[in-house]
Amino acid sequence: MPSRHAGPSALLAVVAALVLTGLWLNGANPLADPASRPLVVYCAHDAVYSEEVLREFERQTGLPLDIRFDTEATKSLGLVQLIERERQQPRCDVFWNNELLGTLDLQKQGLLLPYQGDGWQRMPEQFRDADGHWVGFGARMRVWIVNTTAMSADESSVGWALALEASRVAMAQPMFGTTLTHYAVMCDQLGLPTLQELHRELRRRGLREVPGNGLVKDLVVAGTCDCGWTDTDDTFLALDAGAPIAMLPIEVDGKTIVIPNTVAIIRGTQRETDARRLVDFLASRETELRLARSSARQIPLGDIGDESLPDDVERLRLRASHSIDLRPLLPARNAVLEWLRTESAP
Amino acid sequence: MTFAAALGWSDIRNLAIALEDRLRAVSFAAALEWSGLRAVLITVIAFPICVAVAKWLQRDDGPRRRWRWVAVLGPFLFPELLVGYAYAPQYAGRPGPAEAACAALMLLRVVPVGVVAWLLTPTSMVTPSALYCRRLSLRTWRDRVDWLRLWFAGPVTSAIPTLSLLWIVSFQQFELAALIRAVSWSDWLFVQQVGGLSLAASLQAAIGPVVGQFVVLMLGIAAVAQSADDAPAVITPVHQSQVTRALIVAYLVEQWVIVIGWPTVSLAAGLPAGLQQLVTQPLRMQGLARELFAGLAAAVLAASVAWLIARSVGSAVRTATSDGSVRTADPTVSSDRILPRWRSGLGQLLLCLPGLFGSLLLGLALVAAFQTPMLRVLYNTPVPWVLGLILYLLPRAVLLRAWVDPRRPRTAEFLAAQLMTSSDPQQQRHGRRLWWRLVEEPRFFAVAGLTYWGYLDLTTAYLLSPTGLTSGVVRLYNFMHFGRTAALSAEAAVLLLGPLAIAAAVWPLVQKGRA
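Residue numbers (this note's numbering), protein chains in the order written: chain A, 6 to 351; chain B, 809 to 1323.
What the hints contain is simulated information worked out from the structure, not anything from laboratory work. Note that the coordinates shown come from a computational prediction; the quantities given were computed from them, not determined experimentally. Positions of the beta carbon are idealized from the N, C-alpha and C atoms, including for glycine. Treat the hints loosely; a few may be bogus.
Partial list, computed: chain A residues near chain B (C-beta under 8 angstroms) [said to hold, decoys possible]:
1) Gly67
2) Gln93
3) Asp279
These stretches of chain B come out as covered by chain A in the derived footprint (C-beta under 8 angstroms, 3 or more residues) [to be verified]:
4) 847-854
5) 893-902
6) 979-991
7) 998-1004
8) 1243-1252
9) 1264-1271
Per the computed footprint, the stretches of chain A lying under chain B, defined by three or more beta-carbons under 8 angstroms from a beta-carbon of chain B, are [stated by the list, open to error]:
10) 14-20
11) 45-52
12) 103-113
13) 219-229
Assemble the whole structure, with the sequences as input and the hints as a guide.
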């Protein structure tokens, strides 16, 4: 009887190992001089928009990029936490975060390198770190997305929607992304006990907490919910698709919540010069205009000269000029995270 | 409505609200208990369905049997992340309905696993007629105890492997629960990680569920080892009434509509736009092909290695439980020889423990391990990714191996092997063909199944793959997070149909070459 040897499986393993190694050597080029390897970018922004911008950088500079996208709020760990855990052997050279507070957390842990380049120079103080550890660009605004066939898009209607039957109101899980920033703002304004009270009350009245802002948009567009909290880019997607919806900027204490993208260089990078070029590129006027003219309609934060913007972005830009300064909110963000985590602790 | 009725309705409503409120923020203990209980419920409901469907598959050995297999296995092979994505808008954020939907979807998805397990489990050494005969002669209490012993050794032992696998697969549930926002211990740990729970605390919390799974896994493997190995080589036609057959077909249709139909329809809407976008981006298509091959190569490598390691684990366990030493308590075998065998078997089985922690904790532990000075040099290489996948797949590989590799050579295999050594070239050819059908083909499908699991695992790819090499599944999750249905549809189609196309192309060559 033939022996039950490992033949086919071993052969398969060898072939797969060769293919994998070949792909790795070809992509990461680990044997080459560090300067000629691709610059590693961790990108928490929507791949559909960010990849186009990053490929444009490759075209303009000839520097190849290796991009790792985020999957937070679906299943895995966020890029902020991955960078924290890789502190001994960082893989990432540049971090493009789609919000600010996570970047502030990395800064506090000493994981970012300062750089005050052209991009940093052109940004208002509110959207950059004083020492250059990070710089903001192209922002989103927190808005109410309202299904106009179900209710009218004004302050009093959404106020009533929250006050009465919250089961037709949707929001993303507050432990993640821009909803976490939103909660940090509320925590800062109202105090943690009041926010906790409000949160429990809304839950008690059936508020729909879903995995992400995209799903909030989908629920409101489908008419499953009448309104919800989301970001401008999601709302524009629905508007472009012709959905019967409207947006209403959320105001806390009379100010809007404007959440910038942030870019930072990771301490330990061997490619600091190239990383700086990418930071300057992302915080440049061209990139801000590109993002503003994309279907995400992100709001430019720096000076854009005489360039014209789409009308809807221009309107948002006016509202964004009177927004909450998020820089002091790291303690509030950490308090909210700790509360939400321990709420269900054993 | 009377006042009393109104009051009763109000009480029920308040109770439902209170229950839903509790489901939104459960403790780890509650999440664990509920996950375990839900897995038990699913197992109990799924088991009779599995047996009935397995009998339906065995009705005859005609050409239609292959299509019946496709009908049964399809819902399990359809990616869970797409099922969760399709149903999230209806159920996420509504704790009660989300729990019901999650349990129902899990039930529909685990039935194919149970069917395969039931068909692979060797037939019991105690035949139904033996059991019946023993029952006819029950006189004393000792007879009744003896009959009970036979019942445990027969039908119960045959059912345990299937029940174990159904429970483990339901209990390990992560993606579906996370996407629909149902309660599960695995999702609880993920959320705590985001909130800042340390790795050490997470691993400590996971010890309980891991030990539970390990015990159930051991039970399943031991039961397979206890069953008779000489399963009938010829499939005996099984009688089923027309009503039962109609019910099974209705069940399968429902399973296809819910698990495959609706998710496909909801994604297909965005497919034309997504494909249109994709064909205008040659760089993206190139990247997608690269991601497909990288994910597939890592999964094939990990599955093959896990399969090889499982062979060693399996033989150690078989040696430990071999007839002479344990089951018959042969007086000539001293306890000095039995104990080391057991230690060796158990020691090798402990290799399965890391995989039972789930891919998230396993991935985080490997990130921490490869950040230490000794292993740091390997961190940004494919080694951590492949190692993570191997450890993740190992428990499944051990269980599959227990089914596929019998304790003793089966008669049919022995005869096929004899044919292969014949001096007549035609008989040799027949022998090789038979050997392929009896031995190699089940192994091929087992490794293919492991590859499929590894290919679709997001967490190991996301956390452990080196720069310049990642799996396309990571991007699918990015699209899901941002609600990019068009891009998701197009790339999901490429990433899921790609491996199938490769398998379809390779399969005839493999068959021809081996046979």
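Consistency of the hints with the structure:
| no. | hint | in the structure |
| --- | --- | --- |
| 1 | Gly67 | 15 angstroms, violated |
| 2 | Gln93 | 4 angstroms, holds |
| 3 | Asp279 | 14 angstroms, violated |
| 4 | 847-854 | violated (count 0) |
| 5 | 893-902 | holds (count 6) |
| 6 | 979-991 | holds (count 5) |
| 7 | 998-1004 | holds (count 7) |
| 8 | 1243-1252 | holds (count 5) |
| 9 | 1264-1271 | holds (count 4) |
| 10 | 14-20 | holds (count 5) |
| 11 | 45-52 | holds (count 3) |
| 12 | 103-113 | violated (count 0) |
| 13 | 219-229 | holds (count 7) |
Hints 1, 3, 4 and 12, counting from the list given before, are not met by this structure.
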